[in-house]
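Chains as they are written, first to last, in our numbering: chain A, 1 to 238; chain B, 1 to 475; chain C, 1 to 468.
Hint data in this document are derived by calculation from the structure and do not stem from the laboratory. Note that the structure is a prediction, hence the values are computed from the model and not measured. Ideal placement from N, C-alpha and C gives every residue a C-beta, glycine not left out. Any given hint could be a false lead.
As the list claims (entries may be wrong) - Derived SDA-like pairs (lysine to any residue); straight-line CA-CA distance at most 20 angstroms: (1) C:K286 to B:D59; (2) C:K113 to B:K122; (3) A:K180 to A:P87; (4) A:K25 to A:K205; (5) B:K256 to C:F462; (6) B:K122 to C:A278; (7) C:K237 to A:P87; (8) C:K38 to B:P287; (9) C:K150 to C:R20; (10) C:K113 to B:K256; (11) B:K3 to A:E212; (12) A:K205 to A:L172; (13) B:K300 to C:A278; (14) B:K3 to A:N105.
As the list claims (entries may be wrong) - Among the chain B residues that face chain C by a calculated CB cut under 7 angstroms, a handful are: (15) N166; (16) Y215; (17) S274; (18) M279; (19) Q363; (20) Q367.
To be verified - Computed spacing ranges between beta-carbons, pair by pair: (21) A:T14 to C:Q163: 55 to 61 angstroms; (22) C:K300 to B:S68: 34 to 40 angstroms; (23) C:H104 to B:E42: 14 to 20 angstroms; (24) A:E67 to B:K462: 40 to 46 angstroms.
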Amino acid sequence: MITTDNLTKKYGETLVLDNLNLNIKAGHIYCLLGANGAGKTTTINLLLGFIKPTSGSAFINGLAVSENPKMTKKHLAYIPENLMLYPNLSAVENLHYFSGIGGNNLEKAQLEAYLEEAGLQASAYHQRISTFSKGMRQKVGIALALAKNAGVLLLDEPTSGLDPKASNEFGLLLQKLGNKGVAILMATHDLFRAKEIATHIGIMKNGQLKQEFVADKITLAELEHAYLQTMDYKELAV
Amino acid sequence: MYKFNFIYELKSLVRNGWIQLLTLLLFALFFFAFYNGQEKVEKRKSDIQAAHTEVKESDRDMLKLLDSVERGMTVTASRWTIPSKPMAVGNYHPRVAAMDPGNLAFVATGQSDLFTHYVKPKTSGDDLALNFTEITNPVQQLFGSFDPAFVIIFLLPLIIIAFTYNVLSSEKESGTLRLLASQPISVAAWVLQKMAIRLFWVILMIVVILTMVFYIHIDGASFGSIIPVIGITIGYALFWFALAFVVNLWVGSSSKNAIALIGLWLLFALLVPSLLNQMGSTLYPMPSRTLMINQLRTAKAEATKKQDQILDNFLRDHPEYAINDPNQGRSFYHRYMASQQLVREELQPVVQRFEEQLQKQQQWISQLKWVSPAIIVQQELNTLAGTSTRDYESYRKQVIDFAETWRQHLMPFLYNNQPFASADYKNLPAFEYAPLNSNTTAKTILVLIVIAMGIVGLGFAKGIGFQSSKGILTH
Amino acid sequence: MIQNTFKKELKELSRDGRVRISFLLVILLMAVATWISKNQYSATNEQYKEAETAERHIWEGQGEKNPHSAAHYGTYAFKPKYPLSLIDHGVDKFTGTSIFLEAHKRNEAQFSKAADQTGLARFGDLTPDFVLLFILPLLIVFLGYNAFTKEREMGTLVLLKSQGTSVWKLILGKWLAIFAPVFISLFLLFVVAGIVLSNLKDFGIFSWESLGVLFLVYIGYYIIFINLVLFISSKVKKSGISLVLSLSAWILACLAVPKAASNIAESQYPYPTRQEFAASINKDQKNGIDGHDPWNKQAKLLENKVLKEHNVDSLEQLPFNFDAYRMQKGEEHTAEIYFKHYNHLKTQFEQQSSLYRNLAVLSPFLPARFMSMAIANTDYATHWDFADAAEIYRVELQAFLNGNFAENSTYGEWSYRADESTWKNMPAFEYDPPELSETLGRNTSNLVVLMVWILVSFSLLFFTTKKL
Chain A
1 MITTDNLTKK
11 YGETLVLDNL
21 NLNIKAGHIY
31 CLLGANGAGK
41 TTTINLLLGF
51 IKPTSGSAFI
61 NGLAVSENPK
71 MTKKHLAYIP
81 ENLMLYPNLS
91 AVENLHYFSG
101 IGGNNLEKAQ
111 LEAYLEEAGL
121 QASAYHQRIS
131 TFSKGMRQKV
141 GIALALAKNA
151 GVLLLDEPTS
161 GLDPKASNEF
171 GLLLQKLGNK
181 GVAILMATHD
191 LFRAKEIATH
201 IGIMKNGQLK
211 QEFVADKITL
221 AELEHAYLQT
231 MDYKELAV
Chain B
1 MYKFNFIYEL
11 KSLVRNGWIQ
21 LLTLLLFALF
31 FFAFYNGQEK
41 VEKRKSDIQA
51 AHTEVKESDR
61 DMLKLLDSVE
71 RGMTVTASRW
81 TIPSKPMAVG
91 NYHPRVAAMD
101 PGNLAFVATG
111 QSDLFTHYVK
121 PKTSGDDLAL
131 NFTEITNPVQ
141 QLFGSFDPAF
151 VIIFLLPLII
161 IAFTYNVLSS
171 EKESGTLRLL
181 ASQPISVAAW
191 VLQKMAIRLF
201 WVILMIVVIL
211 TMVFYIHIDG
221 ASFGSIIPVI
231 GITIGYALFW
241 FALAFVVNLW
251 VGSSSKNAIA
261 LIGLWLLFAL
271 LVPSLLNQMG
281 STLYPMPSRT
291 LMINQLRTAK
301 AEATKKQDQI
311 LDNFLRDHPE
321 YAINDPNQGR
331 SFYHRYMASQ
341 QLVREELQPV
351 VQRFEEQLQK
361 QQQWISQLKW
371 VSPAIIVQQE
381 LNTLAGTSTR
391 DYESYRKQVI
401 DFAETWRQHL
411 MPFLYNNQPF
421 ASADYKNLPA
431 FEYAPLNSNT
441 TAKTILVLIV
451 IAMGIVGLGF
461 AKGIGFQSSK
471 GILTH
Chain C
1 MIQNTFKKEL
11 KELSRDGRVR
21 ISFLLVILLM
31 AVATWISKNQ
41 YSATNEQYKE
51 AETAERHIWE
61 GQGEKNPHSA
71 AHYGTYAFKP
81 KYPLSLIDHG
91 VDKFTGTSIF
101 LEAHKRNEAQ
111 FSKAADQTGL
121 ARFGDLTPDF
131 VLLFILPLLI
141 VFLGYNAFTK
151 EREMGTLVLL
161 KSQGTSVWKL
171 ILGKWLAIFA
181 PVFISLFLLF
191 VVAGIVLSNL
201 KDFGIFSWES
211 LGVLFLVYIG
221 YYIIFINLVL
231 FISSKVKKSG
241 ISLVLSLSAW
251 ILACLAVPKA
261 ASNIAESQYP
271 YPTRQEFAAS
281 INKDQKNGID
291 GHDPWNKQAK
301 LLENKVLKEH
311 NVDSLEQLPF
321 NFDAYRMQKG
331 EEHTAEIYFK
341 HYNHLKTQFE
351 QQSSLYRNLA
361 VLSPFLPARF
371 MSMAIANTDY
381 ATHWDFADAA
391 EIYRVELQAF
401 LNGNFAENST
411 YGEWSYRADE
421 STWKNMPAFE
431 YDPPELSETL
441 GRNTSNLVVL
451 MVWILVSFSL
461 LFFTTKKL
């Protein structure tokens, strides 16, 4: 469960996030749309506790992030835009390491099972990460979320740079996680993928959440129209 | 968390070859340095040994001559070198006053390349004529020696820097940092652990190398004698690891870290010492040696002019010698020794000033050495090796005392006009060098550890990049 | 293209706070070092003048005395400091500054500054040569380590390459951007030093020419570093790695190799200890130079020869004091023995020097260091030169004194006293250091090594870097 309560962030005089209120329940996949600089990554950074809010607060599973930085991180998994892992360790070793430093010591069989669940082909388990594509690395990231048994998953532009097939596969994976009851927040530019997998969609601009939709109640065309309108973009008459 | 960090960091370091490179480098540098140090010590030992042998041989000749003289045979040697004359013994058969190297002399060349390790003080000649410097190519002194102290003081920090400058920044640069930071861990503690793994390896290598060195180089001493060296080295390594830790937390990109650390190295290992040295010699300037020569010359000229009067005064002050005087012809040496005595006494304060200034400078360093761990370690290693300024000062003093003993032993023969006999040979004084003892090592190690802990504590207190406002996580 | 790159690089460098700070620090260090040096120089030379005058005064004011007593009383030769020691102190600190000139004995220079300093002095002094030889190359490393890697990391390299420029022009532009600030600051520094030196009172034999050559040596030294640093930067992918490699090169060249060389030189061609040296001279004096023909035997032959030459049958009949004459011959004999032994030392020294030259393959620091000391007249060879000059003066002095003794007295007349004015007739010791051309002639091999370094590093940079 992800909640933000009038979450605000200023850098000096510049307002980068303005009274954001989000409520993402277990099983929901919330896609945050918006141009560069709209405040999507700032929101994720605040949820991760990488930066401190100027006012308001963020909650993970009901725990305030700024007060329980370590505890909240136990409940969440995070996949950055370009997920990097240790190039000279294998997939299993990376997974072992990252889950291990969080206090979660797993057996080899379990690790492999998570990788399998994340959709990584078995031949890659013991290969070094340096040979992996972005899509493969992200599968390791998903496996990490699975291994952590995280209730919250934060993703920053995960599908940028993936080919359509990988992107599709990734979307299915997220839906599977959503069905298991994980609350997912995903910042993205990809309207199509958002419409495809999200349960809820929000559009941000200049640090403000301008519109929210329930994904089922809107078509892709309507979504695109709403997005462009929010961006003050005059559509060319067809 | 610790266990995982340890295993995987080690794996990573082995896989990219760091551990192997580090181990090889440490072994090569240390063993080359120990070899050099040992070579110097061996040369010193064999020089001293040769001097002893030479004296032994000349003593045998002397006893032979004495024996012939005592049995009334004519001898072929020059009149003034026949050892029945006490001044001939004093001048032509001096004893070796040697500074034997200690067990750890190979650790630091220190001042040993400047000074000689044995002299043979004679009865004639003033103490100033005792030249304690060694003839060497000064280029060697300028460049210094590739000894273990050099490796420890200068190279070890650089190796540590190369091994640690990018612990955090490389994670940022390769993009793994954000994923790491999203794990329920403290990044500062995590960096500290990665440091600790490196520290562990460096310490392990130092202990292994020094233990091996101990079994190769030192014989006849207990293992305890090498422990202070290990302790100092580890303490110093700890200091540099602590610095690298905070630089990692506070500075940023790999290059910036490296520049910051090299800057610190330059500051502690080169600039601060030379500045302190400059200040020390400005505050307590050495009197001019060239001007001292003038004073010496004037004093001698005066003494030479008044030699007869001086001898009279001397004999008045020393009636025990005067008893036998009236009927004996006063020889050159009677006058000479008396005037020398006077010159010595007169110049004592002049010479003393050099030692005093040197002591003051030394004291100044002792007080301010805490500014730079490099100085602390240099002073401590030199002390352990017995090659510090103090050691040579003490040696000089002991030799000058011995020269006096030597003179005083033979003076009665001279002024009582008593010939030196073979029976007197066994009573000749011998020089025994008493090395200085130091017990500051434990304190020094403790101080180094406290400094390192303080720096680490500061790192934790200030946090990463002064709390992420500088944005190591977000940019 | 070259100009564009040059300007752009200079702009980038001047806008980088780190570069500005490090430049400022280096200049500050340099200023402090020069100031300290200048004070030291003035103080030392004042003392030198004072001591020299006083010593001459003592010598001339000896009064009536037997010339041989005067010979034993002896005199001192003091070594002055030369103007360029302001820039490079060389080995001055480790060599003695005064030589006692007496009868029968050649003495070593006494009282080196280092012997009167604490162990702290061994870290090195804050002198201009320290800044020039150690710190400036480090500055070059900081200026140039990321010249190419930053373009690679920021992705601008692809853009540059797509502009269709040739690689060597790009390299040259970057090279000039590092060279220019180094050249200009060094130039200003040397001009300032030259002005300071030519305005010092009693500045001795300062020549702008030597300063100019010294400047060229340092420029050559820096060119080598610039080439190496840029070469590393062009071959390596990451700035961090490039920095660490460049720094390793610096450590190797400036710290590790010189020290290792000193150890190797010492163990390959060792000097005897002071006591051994004295003992072997003693032995030669006792047994004759080549182990036969000891002095007392030669003296006997001399006696016969002189008697025969003058056609007399006793020494008393000679028109001069034979004691003094024999002493003079003995003096010459002793000088010969010293000459032999000092020559042995010199051979060792020359072999050590050639070892240093050979090891210069590993470090451009070595030839630069030796050249710089030599031009500043603070190297070991100059010290030798001074010691040899003092020895020649000593021999002349003895000849003068023994000559006076021989001519003005008869055999056995030890009570002879020379006139008070006698001592003034012996001219004072004067020493001029070797001229620049002589120094350069002696150091051709160092110059050659330095040139080879420059050429090799240039070709490394320009010919092996075809592609970036």
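For each hint, the structure was consulted:
no. : hint                                : result
1   : C:K286 to B:D59                     : holds, 17 angstroms
2   : C:K113 to B:K122                    : violated, 26 angstroms
3   : A:K180 to A:P87                     : violated, 31 angstroms
4   : A:K25 to A:K205                     : violated, 23 angstroms
5   : B:K256 to C:F462                    : violated, 28 angstroms
6   : B:K122 to C:A278                    : holds, 14 angstroms
7   : C:K237 to A:P87                     : holds, 16 angstroms
8   : C:K38 to B:P287                     : holds, 18 angstroms
9   : C:K150 to C:R20                     : holds, 18 angstroms
10  : C:K113 to B:K256                    : violated, 40 angstroms
11  : B:K3 to A:E212                      : violated, 45 angstroms
12  : A:K205 to A:L172                    : violated, 28 angstroms
13  : B:K300 to C:A278                    : violated, 25 angstroms
14  : B:K3 to A:N105                      : holds, 10 angstroms
15  : N166                                : holds, 6 angstroms
16  : Y215                                : violated, 23 angstroms
17  : S274                                : holds, 4 angstroms
18  : M279                                : violated, 10 angstroms
19  : Q363                                : violated, 10 angstroms
20  : Q367                                : violated, 12 angstroms
21  : A:T14 to C:Q163: 55 to 61 angstroms : violated, 36 angstroms
22  : C:K300 to B:S68: 34 to 40 angstroms : violated, 24 angstroms
23  : C:H104 to B:E42: 14 to 20 angstroms : violated, 35 angstroms
24  : A:E67 to B:K462: 40 to 46 angstroms : violated, 21 angstroms
When held up to the earlier numbered hints, the structure conflicts with 2, 3, 4, 5, 10, 11, 12, 13, 16, 18, 19, 20, 21, 22, 23, 24 and fits the remainder.
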